[in-house]
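In the order they appear, the protein sequences are chains E and U. At position 200 of the first sequence the residue is numbered 200 (our numbering), and the sequence of numbers has no breaks. Position in the second sequence counted from 1, then plus 207, gives you our numbering.
One or more of the hints may lead you astray.
[As the list claims (entries may be wrong)] What the simulated footprint calls covered on chain E by chain U, stretch by stretch (three residues with Cβ under 8 angstroms from a Cβ of chain U suffice, anywhere in the stretch; the number is not a length):
{"#": "1", "stretch": "12–20"}
{"#": "2", "stretch": "25–35"}
{"#": "3", "stretch": "68–74"}
FYI, nobody ran anything at the bench for these hints, they're computed from the structure. Here a beta-carbon is modelled for each residue, glycine too, at the ideal position from N, C-alpha and C.
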Amino acid sequence: MKPVHVLEGRAVPLERSDVDTDQIIPSDWLKRVERTGFGRGLFSEWRDDTTFVLNQPEYSGAKILLAGPRFGTGSSREHAVWALMDYGFEAIIAPSFGDIFRNNSSKQGLVIVQLDVSDVEELAQMVKDDPSRLLVVDVERRSVEVPETGWSRSFPLDAMTRERLLEGWDDIGISLRRSDDISNYELTSVAPSLDGVFDDKGHARYD
Amino acid sequence: MGKTLYEKIWEQHVVVAPEGEATLLYIDLHLVHEVTSPQAFDGLRINNRKVRRPDLTLATADHNVPTDPLSTPILDPISKRQLEALDENCKEFGITVFPRGHENQGIVHVIGPELGVTQPGMTIVCGDSHTSTHGALGSLAFGIGTSEVEHVLATQTLPQQKAKTMSVLVEGTPPTGVSAKDIVLAIVGRLGTGGGAGYVLEYRGDAIRALSMEGRMTVCNMSIEAGARAGLVAVDETTIEYLRGRPGVPQGEAFEATAERWSSFVSDEDAHFDAEIVINAAELVPFVTWGTNPAQVVALDGVVPSPEDAANDDERESIQRALEYMDLTPGTPLRAVPVDVVFIGSCTNSRIEDLRAAAAVAQGGHVHEGVRALVVPGSRRVKNQAEAEGLDQVFLAAGFEWREPGCSMCLGMNPDILTPGQRCASTSNRNFEGRQGRGGRTHLVSPVVAAATAILGRFATPDEVKA
Numbered sequence: 001m002k003p004v005h006v007l008e009g010r011a012v013p014l015e016r017s018d019v020d021t022d023q024i025i026p027s028d029w030l031k032r033v034e035r036t037g038f039g040r041g042l043f044s045e046w047r048d049d050t051t052f053v054l055n056q057p058e059y060s061g062a063k064i065l066l067a068g069p070r071f072g073t074g075s076s077r078e079h080a081v082w083a084l085m086d087y088g089f090e091a092i093i094a095p096s097f098g099d100i101f102r103n104n105s106s107k108q109g110l111v112i113v114q115l116d117v118s119d120v121e122e123l124a125q126m127v128k129d130d131p132s133r134l135l136v137v138d139v140e141r142r143s144v145e146v147p148e149t150g151w152s153r154s155f156p157l158d159a160m161t162r163e164r165l166l167e168g169w170d171d172i173g174i175s176l177r178r179s180d181d182i183s184n185y186e187l188t189s190v191a192p193s194l195d196g197v198f199d200d201k202g203h204a205r206y207d
Numbered sequence: 208m209g210k211t212l213y214e215k216i217w218e219q220h221v222v223v224a225p226e227g228e229a230t231l232l233y234i235d236l237h238l239v240h241e242v243t244s245p246q247a248f249d250g251l252r253i254n255n256r257k258v259r260r261p262d263l264t265l266a267t268a269d270h271n272v273p274t275d276p277l278s279t280p281i282l283d284p285i286s287k288r289q290l291e292a293l294d295e296n297c298k299e300f301g302i303t304v305f306p307r308g309h310e311n312q313g314i315v316h317v318i319g320p321e322l323g324v325t326q327p328g329m330t331i332v333c334g335d336s337h338t339s340t341h342g343a344l345g346s347l348a349f350g351i352g353t354s355e356v357e358h359v360l361a362t363q364t365l366p367q368q369k370a371k372t373m374s375v376l377v378e379g380t381p382p383t384g385v386s387a388k389d390i391v392l393a394i395v396g397r398l399g400t401g402g403g404a405g406y407v408l409e410y411r412g413d414a415i416r417a418l419s420m421e422g423r424m425t426v427c428n429m430s431i432e433a434g435a436r437a438g439l440v441a442v443d444e445t446t447i448e449y450l451r452g453r454p455g456v457p458q459g460e461a462f463e464a465t466a467e468r469w470s471s472f473v474s475d476e477d478a479h480f481d482a483e484i485v486i487n488a489a490e491l492v493p494f495v496t497w498g499t500n501p502a503q504v505v506a507l508d509g510v511v512p513s514p515e516d517a518a519n520d521d522e523r524e525s526i527q528r529a530l531e532y533m534d535l536t537p538g539t540p541l542r543a544v545p546v547d548v549v550f551i552g553s554c555t556n557s558r559i560e561d562l563r564a565a566a567a568v569a570q571g572g573h574v575h576e577g578v579r580a581l582v583v584p585g586s587r588r589v590k591n592q593a594e595a596e597g598l599d600q601v602f603l604a605a606g607f608e609w610r611e612p613g614c615s616m617c618l619g620m621n622p623d624i625l626t627p628g629q630r631c632a633s634t635s636n637r638n639f640e641g642r643q644g645r646g647g648r649t650h651l652v653s654p655v656v657a658a659a660t661a662i663l664g665r666f667a668t669p670d671e672v673k674a
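All chains should be built: construct the whole structure from the sequences, respecting the hints.
Quick look at the structure:
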């Protein structure tokens, strides 16, 4: 993934709680075998509604999504992250997130900014007052700011995730450097091999 | 101090725990399906990487297989392509796969336990959030995204942060007509959709001990609906007897030695949990969800709630939005709400015991005029067993459809979907907007409530059918 240091951009307020991953990207989009092109499916059940906030011209091109509590709960589909990023979002600011969604985001470089409900509401108000306002999300300093108003908050980001975002590391590459440790572990592992359970046609050997 | 079951499994799977970094955890079993894997296999190819342990990896087609007779071709070219990609990828990387029509095919969370490849003390992952189901057998099982699927394929490990533990103590004897589904709906209703976030839940207490393995799987399955990635039930005789003789476990005398080891996968008496909730099973009733998340649950005897019942603005708005989407009026008794469709199936409730319970209610009755009722067994083995017991004939005689196994209408990736505005009583796990088809309205219920609802055409309990 690409390293992420500082994001600067406009934001769009999605004032809804419990936005689950089925709403971020409905299941009919999950049949695709590609990793790109999911932006068109983002919030697709709401996009037909002309009053939906993403359809408002003043918010077009926003890089930061301001969401409600429990954003990204539900299904493990990483397609939700792909859809948000393909659409153009680089950071999501919300009071809380689904655990798997948060994990998936960190693998793709989508920055997850968790702030208190009141802070998210303040930000949303500032953005609604002036949609052209720029927000700055600084991964290095773990902060989000609105330079124009001087508003600033810090957000939690564990050292590991922060470093991975800053360096743009590939997790698999890191873990593969531990191959010897993994091989050593396997010497004592009791995980039963499925080779003894199924033949090469997938039929059970004992049934 | 003693250890929790979670801590025991965790400690046995630490490959390396470097200072200041995430722990690298070994994965004993990686279950794969067609939807969350194609991009992961592509990633391996791009980076010229292999699958480290194809012999600890097992794949099945479930999410978008049609449930029409096997002779019917797959009409959706995108679904067809994805199913073919699973076969091709598994062949290329040496992974056992159960395609549509295979004797072992079925929903990934049904086949793992029924084949006995899900075992106590294991770490199990799958690119599906309902992987928590396997925790019913005392294994640490959780859902992962596609990047993590690729990571496990390449390394058989995952970098993980240790979770907190929550004891969910369900004490007492539930009243007749209250099933495992009602227990877990009560738990999700209590915790809310985010209450379990950051925790592994361990379901404990005599009401959990009294459940069959199928019931425990139903409970663990919905852990994620409370925000928890994993749920666990300690190993006991029920676990061991369930596994005895299944294809994936040691056969004959070797089984006893393995079972002895499995018996250690329980929380110690003096183990410390970071949080605890207590539920009195005697106070439980049949439940139904009324809204658009699984925590929006009421007693089937109750009424549709009002935004005025909300504790705060956020909740008020959420109730208001859900009422609009669900087209419900506050104060309406649930028993007066008519349905268009009934779906009995999904990784929550499609096992043989679920089908037996639903068939017992359906026996001698008939699906209400204008209602479409589908029964979708969780796997081919479940389907075969149900047919051997004559359950298919009970359902067919009562006007239910008897279909081929798969995820089906739980998430509407195959042709089994609701049309806009249709209302469905479903034994699945999510009532999200559009989950079962765009504009569809989902109410989560137990298998017996689903069967009774199919017959009366409105939300109902079995006692009304037999009355």
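For each hint, the structure was consulted:
no.: 1; hint: 12–20; verdict: holds (count 4)
no.: 2; hint: 25–35; verdict: holds (count 9)
no.: 3; hint: 68–74; verdict: holds (count 5)
In terms of the numbered hints stated before, the structure departs from none.
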